[in-house]
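> Start from the sequences, fold in the hints, and give me the full structure.
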Amino acid sequence: MDNLVDNMLNFYDEIRNVNQLKQENVTVLNEFIKNEKFIRKFYEEYIDNNIVDIKVVMCGINPGRYGAGKTGIPFIDFNSLSELLLNVQRNDSERSAEFFYSVIKKYGAKKFYSNIYVTNICSIGFEKESKNYNYYQLPENIKEIINTNFLDKMKIVNPNVIIPLSKDVEKTLKYIKSNGKLEGVLIDSRLNHPYFCSIKTNWEKEFNNYSNKLDKYIL
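If you read the sequence shown in the UniProt record's numbering, its first letter stands for residue 1, the second for the next number, and so on.
What the hints contain is simulated information worked out from the structure, not anything from laboratory work. Wrong hints could be hidden among the right ones.
As the list claims (entries may be wrong) - Calculated cross-link-like contacts (lysine to any residue; reagent style SDA-like; alpha-carbon spacing at most 25 Å):
| # | residue 1 | residue 2 |
| --- | --- | --- |
| 1 | Lys171 | Lys41 |
| 2 | Lys200 | Gly184 |
| 3 | Lys155 | Asp6 |
| 4 | Lys216 | Ser102 |
| 5 | Lys128 | Lys110 |
| 6 | Lys55 | Tyr217 |
| 7 | Lys177 | Asn160 |
| 8 | Lys34 | Asn149 |
| 9 | Lys105 | Ser211 |
| 10 | Lys111 | Val88 |
| 11 | Lys110 | Arg90 |
| 12 | Lys22 | Lys131 |
| 13 | Lys41 | Ile156 |
| 14 | Lys37 | Asp48 |
Here you go:
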């Protein structure tokens, strides 16, 4: 079986060499490369032994500068990672990750990750003019490269259900499915993106929305 970490690292090598990104003044986030040993350790402890049995994927947009763009693990910042792995002693936090990790803690990390694989449409994040830049803002030919890599990940995971985490992700998944891909995969109704959920006035309602969705998948 192909390795999901290698899939991400190989995709990074591919996408950072796309000249059109440079022409668009888009920078490919790369800080997570320094975290490779912890990424592999995370997958070893939480993902690799379960992946053949996982049938549900939660799918976000792409890593941001302060969370997964640093850790290399979707919706996990260093605060969360320090609780998941020994020998991680860094305290960077990010709002989306804070919300998402509160959901993980409800179930316990081992139980959560034995039932749910968390990923993004695009494994790699982007920056433009010192701000996060999302994959759906990129030119169509680059989005097709990203979609192809996403489908490669889904061939490894082979899910029955994908839960979109935003309207843009839902739109992309439906586009991919309309083109004859992801056959037999249910695109479940979307949840709001964790960043939106992390707003204080939204937190409780969105936590309950996530819980109600996941309770039927996490047994």
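> With a cut-off of 25 Å on the C-alpha distance, tell me whether Lys105 and Ser211 pass.
Measuring from Cα to Cα gives roughly 11 Å; hence the hint holds.
> Assess, step by step, whether the Cα of Lys111 is no farther than 25 Å from the Cα of Val88, and give holds or violated.
Holds. Lys111 to Val88 sits at ~21 Å (cutoff 25 Å).
> Would you check the hint for Lys155 and Asp6, treating anything up to 25 Å between C-alpha atoms as holding?
14 Å, holds
> Can the restraint linking Lys200 and Gly184 be considered satisfied, given a maximum Cα separation of 25 Å?
Since the Cα atoms of Lys200 and Gly184 sit roughly 37 Å apart, the hinted pair is violated (cutoff 25 Å).
> Check the hint pairing Lys128 with Lys110 against an upper bound of 25 Å on the C-alpha distance.
This hinted pair is violated, its Cα atoms lying about 36 Å apart.
> Can the restraint linking Lys34 and Asn149 be considered satisfied, given a maximum Cα separation of 25 Å?
22 Å, holds
> Check the hint pairing Lys171 with Lys41 against an upper bound of 25 Å on the C-alpha distance.
33 Å, violated
> Does the alpha-carbon distance linking Lys55 and Tyr217 stay inside the 25 Å limit?
9 Å, holds
> Sort out whether Asp48 lies within 25 Å of Lys37, counting only the CA atoms.
15 Å, holds
> Measure nothing beyond the straight line between the CA atoms of Lys22 and Lys131; if it is 25 Å or shorter, mark the hint as holding.
Since the Cα atoms of Lys22 and Lys131 sit roughly 16 Å apart, the hinted pair holds (cutoff 25 Å).
> Straight-line Cα separation of Lys177 and Asn160 no greater than 25 Å?
Holds. Lys177 to Asn160 sits at ~13 Å (cutoff 25 Å).
> Has the given pair, Lys110 with Arg90, been kept, meaning a C-alpha gap of at most 25 Å?
It holds: about 22 Å lies between the C-alpha atoms, which stays within 25 Å.
Of the numbered hints listed earlier, those contradicted by the structure are 1, 2 and 5.
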